[in-house]
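A.B. asks: Assemble the whole structure, with the sequences as input and the hints as a guide.
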Amino acid sequence: MRGVLAFLGQRLLRALIALWLVSTVVFVVMRLSGDPVPLLLPPDAPRSEIFRVRAELGLDRPLPVQYATFLGNVARGDFGRSIHFREPAFRVVRGYLPATLELGLTAFVLAVLVAVPVGVFSAVRRNSLLDHGAMGVALVGQSAPTFFIGILLILLISLKAGLLPTYGRGDWRHLVLPALTLGIFAMASIARLTRSAVLEVLRADYVRTARAKGLSEWFVVAKHTLKNAALPIVTITGLQFGTLLGGAVVTETVFSWPGMGRLAIHSIYNRDYPVVQCAVFLSAVMFIVINFAIDLLYGFLDPRARPR
Amino acid sequence: MKSVSLRSPAAEAGPAGAAPAAAGTVRRRTTRLALTGAAFVLFLGAVAAAAPWLAPHDPTRQSLRARLAAPTLEAADGRTHVLGTDHLGRDVLSRVIYGSRVSLVVGLAAVVVGGLVGASLGILAGFRGGRSDTVIMTVADAQLAFPFILLAIGIIAVLGPSFPTLIVVIGLSGWVSYARVLRAQVLVLRAREFVDAIHALGGSAARVILRHILPNVLSSLVVIATLELARAIVLEATLSFLGLGVQPPTPSWGGMVHEGREYLDTAWWISTFPGIVLMLTSIVVSRTGDWLRDLLDPTLRGE
Amino acid sequence: MVQVTRRDLLKAAVAAGAAAAVPGTLPRPAGAQTTQKRELVVAQGGDISTFDPHISTSSNDIRISFNIFDNLVSRHPDGKLHPGLATEWKLQSPTQWTFKIRQGVKWHNGDPFTAADAKWSLERTWDPAHKTRVSTVFTSIDRIETLDAGTLIIHTKKPDPLLPARLAFYGGQIVSRRYFEQVGADGFRSKPMGTGPVRFVSWTKDDKVVLEANPGYWGGRIDADRVIFGAVPEMAPRIAALLKGEVDVITQLPPDHGERVAGNPSTKVVGALYAGLYVLAVNSKRPPLDNPLVKQALSLAVDRNIIVKELWRGRGIVPSGPIAKGDNHFDASLPPLAYNPREARERLKKGGYKGEEIVIETTSGYTANDKPMSEAIAAMWKDAGINAKVEVVEYSVRAQKNRDKTFKGLWWSDPTSTLGDPDGMMWRLLGPGGPQDYWRHARWDELGDAARFSTDEKFRAQAYREMTKISNEHFPWIPIIQPYEDYGLQKYVEWTPNPNQQFEVRRFAFKFRRA
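Those protein sequence lines, which keep their order, are chains U, Y and B. Taken in order, the first sequence gives residues 1 to 308; the numbers are from our numbering. Taken in order, the second sequence gives residues 309 to 611; the numbers are from our numbering. Taken in order, the third sequence gives residues 612 to 1126; the numbers are from our numbering.
Calculated directly from the structure, the hints in this document are not laboratory data. Computed from a predicted model, the values in this text were never measured in an experiment. Check the hints yourself; a few may be wrong.
Quick list of in silico lysine-lysine cross-link-like pairs, BS3-like style, CA-CA up to 25 Å [said to hold, decoys possible]: (1) B:Lys-802 - B:Lys-742; (2) B:Lys-960 - B:Lys-993; (3) B:Lys-855 - U:Lys-160; (4) U:Lys-160 - B:Lys-1102; (5) B:Lys-961 - B:Lys-1000; (6) B:Lys-816 - B:Lys-879; (7) B:Lys-879 - U:Lys-160; (8) B:Lys-936 - B:Lys-896.
From the structure, some residues in chain U lie toward chain B, with a derived Cβ separation under 10 Å [what the hints assert, rightly or not]: (9) Asp-35; (10) Leu-41; (11) Phe-85; (12) Ala-99; (13) Thr-166; (14) Leu-263; (15) Ile-268; (16) Asn-270; (17) Arg-271.
Don't be surprised by glycine CBs; every beta carbon is placed ideally from N, CA and C.
C.D. replies: In structure tokens form, the structure reads like this:
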């Protein structure tokens, strides 16, 4: 028990240090990237006006002071006010979160729903035409650049076939293409992982025994595989969610999806420091929490992987 | 984030599918595939090097009268444009051919940068252990937690897009993969007695690393570098696609997809051809990495 | 926009706890030339940043704020000034204007609108406590008086012939003092209220703004119950949404896509010649750009005709100088700026140009065709023996360079003629202390200053003619094109664009064609 507590404590410490590093890097990069004030004023604003607004935003104070204030505020959960939207940065980011979560969850559900059956099927009917076809597609899905997949889907499905909308958020039809684009890497990975997990099961002794007893292959597979395949699937899913913001940046840009990824890019361009800091911070927290959860799940699913 | 550890279990799918008795055949097939992949990379290199002789036109030469021409043997400017022209009337085929230069130069240089930084830090962490190890691995953790593409955008916003900036940013985005794998391997090697023995005999740390550790981790290094090359090429294209790539008029695949996006429904060829070439390159190079791993370093799979 | 409607219905239904029986929207027959729609859906290139009309001057924002709020004076699509919240105005003495305030106008919350609101609103623009972004618009005003609820007197520091024009553009939107003080700055930003033809309903960031008709609008109720502004930053989806009938109007239609929209049976293109120019502004302090001969060569080496004909598909005209066509004192007798590469080479030689690098710092997509035009022009310059280079910078970098005046050579500027007069364009930007003050010329400065404060239009015409001549020798701007601002519309929408990017849904500019 004490070992587990020590382990947890150590993990927590490392997570906090990682968060501090992440916030510091964002702070430094954003401050170096330039001044948001010229973007707020009409081009003919006089210099006095610029200095006034800089002071109003607290940008005239020395950097170390700004940094100390920033860290202190973050520790209290205060990310400051958005320069562009003029409201608390956290509220802005929270407003964009549902769209990104909707996209991420759908991508994940879609990935699992498609990939697991395909993986199982490929393994049971290994070396069939369908197996080769599916694994070929998975290969493409795993290595192709996300943005180009998105572009191809828009071109073929939306523009040429006219089946689905090209942009924006709305009903389920708006969700299909972006979710597919965001989830394709996970889908391909899960399909291949499931396939190899099932193959391993099929080779195992107990399966041969079961088969000898006359049970159908499908039944055996269903019974034993899912547990075996669960670990890698959980890993991929965790990674998918942990890097949701990073992945969403490209997908949301391609599909004009009003989520956190696009908010982050726009905020970088607008030099809206508080929003960028808040978005990146939340994304890092999400990554760390999910990775931690995965580690715990591992211990639960596979006793061998428990921390020493 | 596509990391090595993620891909590796998937790679089992191939060889594991065959019966153990056929291991020899599988090995031979993998060798052949790996060689094919390597040949593709060499071919790409040759195309990039020979671009001036291969490209039918100057990739930056504009012809406003023949802009947005569909693939044709004779456009409004009286020239042949096998893959059509873009919004400034430039030949898409020539630009795709020249675009390989950006992808390869940035990709390879980024791999060198990432490899040097990652390998040194990984070996250092594994060899020295203790505080250096903790610091390096904590930084690695932090970097993985960072939505990297945003950091890249931020840095490029500071420094402006240029070849060196792109190379450093993309290179540094990949160092963690090297560092983690090499650290693990060095830890294993260090546990073996010969390292201690050499130490005891007065061999310097640098000597031990150079003479005994590096040769042992070289094959892993090659495997990771290949996988990283695929990642670097895709990342460069992605940044170019977001408008943060090399400056015009230098053609790059991601930049071409970006420029053609507005014309997707009227002039699909501008985005589609460079996109397909990019996709093909990425698939072949990353597969080559997987095959190389199966061949050189099966232990990496379990990573 | 079918999706929006259905989703809103769904939301409403869920909120009411009655998720069942959501009526499906009937698809319109393709090619419909009339409509029974009561909702106008506009797709623009970006989301708004704020509703407070004194806090932002971005074109996405003012499309909406000019409809929620009224100005004292209104500039109609015909380019002329019409009565707004002021019914008439008069120059009482050289420095005193009197405005008659419209009676019986009500704010969206029912409060009566008075001259005191107008006074407070104008004064607010330069009141440091309000931190507005339009504090320099009314620098010519000395003080404002309200004679009674119906009369406003504005004293200017010097004669200001353009005051009514200034009141018609940004900064001039009138906000309610009482409401603002009731709800505070944050409340006002999240729920703006004016006297305009539409009232605020809701704003979903990066998605859409919903407005509804103000039934008691003094200018007449608009021809729709609701107006929705959607944000669709990508061009291809914006056009697809129009072609599929999901939206009624799209803004910023690039010329390359005009044919598709015009060729589609149910849609059309309308455009207005932009009240302004697209110019390459020049950092004339930086050698060799301090040399007029070099700048003349740069101008002569640009084939503007092919740029207009091919890159803009004919949707624009070649400028003749730094004054936009349609403005006061535009000289229609001047020829378009010439293209003569041989002469360009001559002047380069005469000017002693030694192959110094000349850089265009362009944004990508900030102004229409900015990057393609830069690349095309750089190629033309190379052909004329100029060592030209294009560097793409993002918009925020451009803004910073603009502020610090650190451009390396040339950059795109799309000066809008805010007042329909050269004073609100070239003098505002190029004049001493202006944002593009990189070049000084004693005679030019003298004329500009005199024209600003003169009420003698004959003298002003003379002055601007001479200033144009000087500009066409020294090129503080290299004008490239005066484009059309095109919009894509459903055929059943009858709408007249305003040349200065104001977007009017008032009765005089918009109605649906009914069956």
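A.B. asks: If a hint holds in the structure, say so; if it doesn't, say that too.
C.D. replies: Do the hints match the structure? See the list:
{"no.": "1", "hint": "B:Lys-802 - B:Lys-742", "verdict": "19 Å, holds"}
{"no.": "2", "hint": "B:Lys-960 - B:Lys-993", "verdict": "15 Å, holds"}
{"no.": "3", "hint": "B:Lys-855 - U:Lys-160", "verdict": "13 Å, holds"}
{"no.": "4", "hint": "U:Lys-160 - B:Lys-1102", "verdict": "24 Å, holds"}
{"no.": "5", "hint": "B:Lys-961 - B:Lys-1000", "verdict": "22 Å, holds"}
{"no.": "6", "hint": "B:Lys-816 - B:Lys-879", "verdict": "29 Å, violated"}
{"no.": "7", "hint": "B:Lys-879 - U:Lys-160", "verdict": "22 Å, holds"}
{"no.": "8", "hint": "B:Lys-936 - B:Lys-896", "verdict": "29 Å, violated"}
{"no.": "9", "hint": "Asp-35", "verdict": "6 Å, holds"}
{"no.": "10", "hint": "Leu-41", "verdict": "5 Å, holds"}
{"no.": "11", "hint": "Phe-85", "verdict": "7 Å, holds"}
{"no.": "12", "hint": "Ala-99", "verdict": "8 Å, holds"}
{"no.": "13", "hint": "Thr-166", "verdict": "4 Å, holds"}
{"no.": "14", "hint": "Leu-263", "verdict": "7 Å, holds"}
{"no.": "15", "hint": "Ile-268", "verdict": "9 Å, holds"}
{"no.": "16", "hint": "Asn-270", "verdict": "7 Å, holds"}
{"no.": "17", "hint": "Arg-271", "verdict": "5 Å, holds"}
The structure fails hints 6 and 8 (numbered hints given earlier, in ascending order).
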